[in-house]
Amino acid sequence: MKKLLIIFIIFNTHISSSIDWSDPNECKLPDHSEFINSLVSQMTLEQKVGQIIMPEINSVTPDQAKKYHFGTILNGGGGFPNQNKNSSIEDWKNLSKSYYDSSTEVNGIKIPILWGTDAVHGHNNVIGATIFPHNIALGATRNELLLRQIGEAVAKEVVSTGIIWTFAPTIAVPQNDLWGRTYEGYSEDPDLVSKLGKNFIIGLQGSGNEFLDEHHVLATAKHFLGDGGTDNGVDQGDTILDEITLKNIHGQPYYDAIDSCAISIMASFNSWNGMKSHGNEYLLNNILKSQMEFDGFIVGDWNGHGQIPGCKDSDCPQALIAGVDIFMVPTEWESLYWNTLEQVKSGEIPIESLNEAVYRILLAKKYLGLFDGRKPHEYNKNHIRDKSHVELARTSVRESIVLLKNNDVLPMNPGKNFLIIGEQSKYIENQMGGWTITWQGKSWEGTNISNNDFPNTKSIYESLSSHIKNMGGRVEYSNDGSYKSKPDFAIMVYGETPYAEGFGDIKDLDFSKTNKQNLKIMSKFLNEDIQVLSLFITGRPLIVDQEIELSDAFVSIWLPGTAVEGINDVIFSNIDSSINYDFSGKLPYSWPNANSKNPLNLKDKDNQPRFEYGYGLSYESNENE
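Residue 254 is where the sequence shown starts when you use the numbering used here, and the numbers rise one by one after that.
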């Protein structure tokens, strides 16, 4: 059986070479080759190896970084200075300075350490930052300018903490909603992913004279390649596809990313037809670097190299040879350093592979201005939660929520009597989703999360109730559907609770199976002739046939982040019953029903969704446009 598998992979790879991925790189940047080549030629092997290894901040001290000549460091989801989630902006900047001061020097030229962070929907590891809706919601806006503006805002908040590199955006094209990272993808449609990803990158990095200036950060397009297409939606699983499908669906967004001057791309955890992406030389060197003319560097994902057969976290020459330029190795960095150094000395790793990786890394640092006086920790402005960013987040929420059903219930006059139901409405973490303060977006591995961790942020319940009261209405809360005074409207808030990669994978899209209490309450309201609005919190389309049938109006609010006031803007009328803001969000994914087969996607002709890709009602039309 193993022999047959090996033969299949070899044969498949041979066939793959017939597919043409070539495309001219339209990004035109200054030529720094003379400077970079000169610098690389002066470096010792030890200094070069240090450049390609990226430890995590909580496992490496500045002194160790200096000793091993490290070129990059990271903090992942749930990583903070001194392992303290309440670290101040100055704490972040002070640590940035410590690493900068420890950077290696080559003949008097400092090669500053480059710090990367998982700022994927705002600067989400920092208490008080503006948290934008997750990508699935931004896909529903279809607003390219908005994505560029959000990128600009995120960049300003990230540089405020002395960091100038973010591992965003995710430009995966999720094809199976069982995948726990579906919400990180803008859409099932590669065309939409390409457009939005391109604009987000431009927003993060800037363009023209502002490209990677002091107000902008290095973006990272991720994950290359096919992470959204794994069999059964299993995270880090196998994407079993012919090459032309891989190119047309999962590869397409990378062309626009490269043309937008993305100079960092992250390798993916998944396999393609049985071969791990981190060790796939055909994908990384042949396709990405040669045919697609990607001139930047490839960074590995969290110990992704260790998943290559024959490798471990501390030992993996195959990844560097295949095209990975930076090992993301959070804890096993010391062993990996010494092993890699010996492998270069022995010739197991060609010196050309090492030199090319170092060249690409140093070139990115040159573009970032790190050889021209830029010191990330000296950025002297604090843009965390700028008023303009808060308003932008509110606009994002307003434009992203999707109206799936409306039996003349919406917009609701806020001067009426309301009953709000659902414990989820009171916990702010639920509206944030994963990758918020902690990796999984909830109390995790010793880091507790409460509403106090989101200063100046209202829960959905607080936002709804304060608006209603301010407009002269009355609000009652209930967790079980009981009430003292019969309401005019019942607003039910329910849905998924936070998760991230791995832990977010599910085996069944039917939400109703675990939602019996809500169905019971909704049936009760039906019998009592109380109109029901469902506000559904979710990171993916789910089967909610029963919930929709029992609702007079049904709205997908996705994972809206900090500015949930944007929901109020749309679902409530003005006090004179005139429309305030109309619904404009359109489904970025096909929405299933109980009879839909999974996976369910735009081009699957045989599958009939409950709501097609692009569906979304408005007050103006009250029908799908």
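In short, the hints are calculated from the structure, not lab data.
Bear in mind that the values here come from a model prediction, so they are computed numbers and not experimental data.
Think of the CB as a built atom: it goes at the ideal place given N, C-alpha and C, for glycine as much as any other residue.
Misleading hints may appear alongside valid ones.
Restricting the straight-line Cα-Cα distance to at most 16 Å, the calculated cross-link-like pairs of lysine to aspartate or glutamate (EDC-like) are [what the hints assert, rightly or not]:
(1) LYS628 to ASP466
(2) LYS281 to GLU463
(3) LYS628 to GLU343
(4) LYS319 to GLU343
(5) LYS619 to GLU467
(6) LYS711 to ASP822
(7) LYS679 to GLU715
(8) LYS760 to ASP466
(9) LYS658 to GLU865
(10) LYS773 to ASP733
(11) LYS777 to ASP741
(12) LYS619 to ASP548
(13) LYS320 to ASP354
FRET-style restraints, in silico, Cβ to Cβ [to be verified]:
(14) SER831 to GLU397: 43 to 51 Å
(15) ASN347 to ASN860: 52 to 60 Å
(16) ILE832 to ASN709: 49 to 57 Å
(17) GLU397 to ASN848: 44 to 52 Å
(18) LYS760 to ASN278: 18 to 26 Å
(19) GLY725 to SER641: 46 to 54 Å
(20) THR750 to TYR730: 32 to 40 Å
(21) GLU601 to ASN290: 18 to 26 Å
(22) LEU772 to ILE828: 50 to 58 Å
(23) GLY725 to ASN278: 42 to 50 Å
So, going through the hints one by one against the coordinates:
no.	hint	in the structure
1	LYS628 to ASP466	holds, 11 Å
2	LYS281 to GLU463	holds, 14 Å
3	LYS628 to GLU343	holds, 15 Å
4	LYS319 to GLU343	violated, 22 Å
5	LYS619 to GLU467	holds, 13 Å
6	LYS711 to ASP822	holds, 15 Å
7	LYS679 to GLU715	holds, 7 Å
8	LYS760 to ASP466	violated, 45 Å
9	LYS658 to GLU865	holds, 13 Å
10	LYS773 to ASP733	holds, 9 Å
11	LYS777 to ASP741	holds, 14 Å
12	LYS619 to ASP548	holds, 13 Å
13	LYS320 to ASP354	holds, 12 Å
14	SER831 to GLU397: 43 to 51 Å	violated, 30 Å
15	ASN347 to ASN860: 52 to 60 Å	holds, 54 Å
16	ILE832 to ASN709: 49 to 57 Å	violated, 28 Å
17	GLU397 to ASN848: 44 to 52 Å	violated, 35 Å
18	LYS760 to ASN278: 18 to 26 Å	violated, 41 Å
19	GLY725 to SER641: 46 to 54 Å	violated, 30 Å
20	THR750 to TYR730: 32 to 40 Å	violated, 19 Å
21	GLU601 to ASN290: 18 to 26 Å	holds, 24 Å
22	LEU772 to ILE828: 50 to 58 Å	violated, 33 Å
23	GLY725 to ASN278: 42 to 50 Å	violated, 59 Å
Of the hints listed earlier, those the structure fails to meet are numbers 4, 8, 14, 16, 17, 18, 19, 20, 22 and 23, in rising order.
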